[in-house]
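K.L.:
These protein sequences, in sequence, are chains A and B. The working numbering puts the first sequence at residues 1 to 135. The working numbering puts the second sequence at residues 1001 to 1231.
Please keep in mind that the hints were generated in silico from the structure rather than gathered at the bench. Glycine included, C-beta positions come from ideal geometry on N, C-alpha and C. One or more hints might be untrue.
What the hints assert, rightly or not - DEER-style ranges, computed between Cβ atoms: (1) B:Pro-1043 - A:Asp-93: 29 to 35 Å; (2) B:Asp-1131 - A:Asp-93: 32 to 38 Å; (3) A:Arg-36 - B:Arg-1032: 39 to 45 Å; (4) B:Gln-1033 - A:Ala-31: 25 to 31 Å; (5) A:Ser-112 - B:Pro-1043: 17 to 23 Å; (6) B:Pro-1069 - A:Arg-36: 47 to 53 Å; (7) A:Asn-128 - B:Asp-1097: 21 to 27 Å; (8) B:Val-1100 - A:Ala-67: 34 to 40 Å; (9) B:Gln-1068 - A:Ala-67: 34 to 40 Å; (10) B:Ala-1046 - A:His-125: 25 to 31 Å.
Okay, here's what each chain looks like letter by letter:
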Amino acid sequence: MLTVRVQPVRVFALAVAVLLACPRICAPARADDDARWAATAKTYNTYCAQCHGLNRNGKGINAKSMAVQPRDHSDPKGMGPIPDAEIVKAITDGGLSVNKSVLMPAWGKVLSPQQIQDLAAYIRHVCNCGSAANH
Amino acid sequence: MSRISFFLCALATALCAPSLGLAADANAILSRQCAQCHALSKPADASIDRLWTRKGPDLYYAGSKFNQPWLVEWLQNPRRIRPAGEFYFTHIKATPDGDVIDASTLTSHPRLSKGDADAVAAALMALKGPDDLVRKGAYKKQPVPAMIGAMFFEKLRGCAACHMDKPGQGGQSGPELYDAGLRLQPDFVYAYIKQPQRFDPHVWMPQLDLSDTDLQRLTGYLMTLQDGSPK
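Bound-form chain B, shown alone (with noise of 0.2 Å):
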């Protein structure tokens, strides 16, 4: 081998090494850490006790849901999604004025440094899922008007009875979509809200039967919802 080549390959593994690196981190990582509470191949549990045993969101399509930005941000800086957590029924208790959320249950995200962030974030953007999960191009990128969005939302399809497009304003059953626009792909939206089960079995989210027009209403107005007020 001359000196030139040996210095190139030499070159060449320098620069790789630290993705290289990182990616063996974020594995293990992932494996380590993140597998004790979601899933990240699909699992062949589809049953509703494990709906109601299962610590986190699954996470084997995150590439098709999650935006990469806010995953690092997020990871970083973990903040509850689900008020009531994962499964709401085990996070709940009966007082005289009504059910609240019993927040002695609730357990915290692990916050990441930086660089395991960025690794463990660039990770699952490579979890996918079945490529007939999340059809791309589903969402139009329609404007919609947030008045008109926040209405069919809060009113005419009874989106907040379980989630909150504003801070405190909706339902704590289901996750808080008012930084959707943030954290979540539209065409993931699109199709989560037209057959939720498909993605989560037995999910306490019901199957609406919307119409296209409202697929891409409602997708478009939580594409506006960026910590709590519509951009």
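This is chain A alone, in the form it adopts within the complex (with noise of 0.2 Å):
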């Protein structure tokens, strides 16, 4: 039987080259990812920060008048359980389609496909509570 050694000192070498190539290698990844978010974040902020608030939480300028309160997109408990698919169409076809409140109106005619795609997406950012596309 063919045994390798590997000596210690090489594996040490090759971790820190590792670790010292990581930044060049993930930063431009992680740009990417925070302008992703920071031009989904306007769309937030001109279409749903009205209800759903400056924190996300639900409790936009337009709340305190609504009879039904605005979804809370930071809390993960509320948020994880709803499948990705529920929230892409609340966002599309609004409140009533997903047997949630009137006060929640369709975007589908006014932002694309893609933007509620990626609004699906920043929401699960916002809850950090990953994808429930399998409940």
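Hints are included, so try docking the two chains, each in its own frame, into the full complex.
P.N.:
Right, dumping it as structure tokens:
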């Protein structure tokens, strides 16, 4: 049986090299993510924040007058169980389409399908509660 | 030139002079003051960035939007129509109890004299916008019982989420509508509810794909609102 002897010094040197290279490899990806979230945050701030709030907590300036409070997008417990498809449908076709309040309007005639997909992903990013596609 | 012709010419000039003067003043006010915050011709820039940075609503279709008597009165005694200003997102702040309007960021509209208000209102009414923006006669003037209209506005179509139909009752991100019947022309209201983004690209009002019946009902209800109560 052939055995390869690896010197501990070489392993250490390789690990250091990988660690040093990582910021160069990983940084562009992180920058892309930041740019993506920034663009979608602007969409959110234009259309969603009026009800869902500056802090994405469902306490926008319109919320006080509403009989049904807007969804708290920062709440992982509340957001986690909602499937991605339901989030996309609620944004596209409005609250009634997913048996929720009429106060959540349909944005499908204002936003593109890609913008809505990005918003759904952004909301997951905000709640930090991952995808519920399989729920 | 005979003396009579000369006299008639002088008389005509004297009669026309005040109106010519008013028009000139109005154009000066429009270009020097109004244009600082409002678009008086259709903007070439239809980007969302422009929506974020503009300081007041576009006025290039003011003559298809407003009622002249209301304009004359409002220009002399302006009061806030958009509770959170323009653009709403730049005038709000978060508190533990929820977002509130940051009044310190809002500015007041200039106040005009009666003469200037008359002249500016007349000049604004001449700005009709593109021919196909507001279709004349779209609103059929069908009477709407106040209770039915309020039910659709506040509950069934969700308009009250962003707009007030009574002072202090409704959302704050959109313009108040409790004096819509005095302020706005019904055909404009019909057209704007139907497709807000035709007027204000990217504006934060949804396009609800409403039926003509709904559009007639909502427009009819809003036309009854004159300073807070259905008339």
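K.L.:
Holds or violated: 21 to 27 Å for the Cβ distance of A:Asn-128 and B:Asp-1097?
P.N.:
holds (24 Å)
K.L.:
Does the Cβ distance between B:Ala-1046 and A:His-125 fall inside 25 to 31 Å?
P.N.:
With a Cβ separation near 29 Å, B:Ala-1046 and A:His-125 satisfy 25 to 31 Å, so the hint holds.
K.L.:
Does the beta carbon distance between B:Val-1100 and A:Ala-67 stay inside 34 to 40 Å, or does it fall outside?
P.N.:
violated (20 Å)
K.L.:
When you take the CB atoms of A:Ser-112 and B:Pro-1043, is the distance between them in 17 to 23 Å?
P.N.:
holds (22 Å)
K.L.:
Is it true that B:Pro-1043 and A:Asp-93 lie within 29 to 35 Å of each other by Cβ?
P.N.:
Holds: the Cβ-Cβ distance is about 31 Å, inside 29 to 35 Å.
K.L.:
Given the hint of 39 to 45 Å, check if A:Arg-36 and B:Arg-1032 actually sit that far apart at their C-beta atoms.
P.N.:
holds (43 Å)
K.L.:
Range first: 25 to 31 Å. Now tell me if the beta carbons of B:Gln-1033 and A:Ala-31 are that far apart.
P.N.:
violated (44 Å)
K.L.:
Please check whether B:Gln-1068 and A:Ala-67 have a Cβ separation lying inside 34 to 40 Å.
P.N.:
With Cβ atoms ~38 Å apart, the hint holds.
K.L.:
For the hint 47 to 53 Å, verify it against the beta carbon of B:Pro-1069 and that of A:Arg-36.
P.N.:
At roughly 50 Å between Cβ atoms, A:Arg-36 and B:Pro-1069 fall inside 47 to 53 Å, so the hint holds.
K.L.:
So does B:Asp-1131 sit 32 to 38 Å from A:Asp-93, Cβ to Cβ?
P.N.:
holds (33 Å)
Violated hints, in rising order: 4, 8; the structure is consistent with all others.
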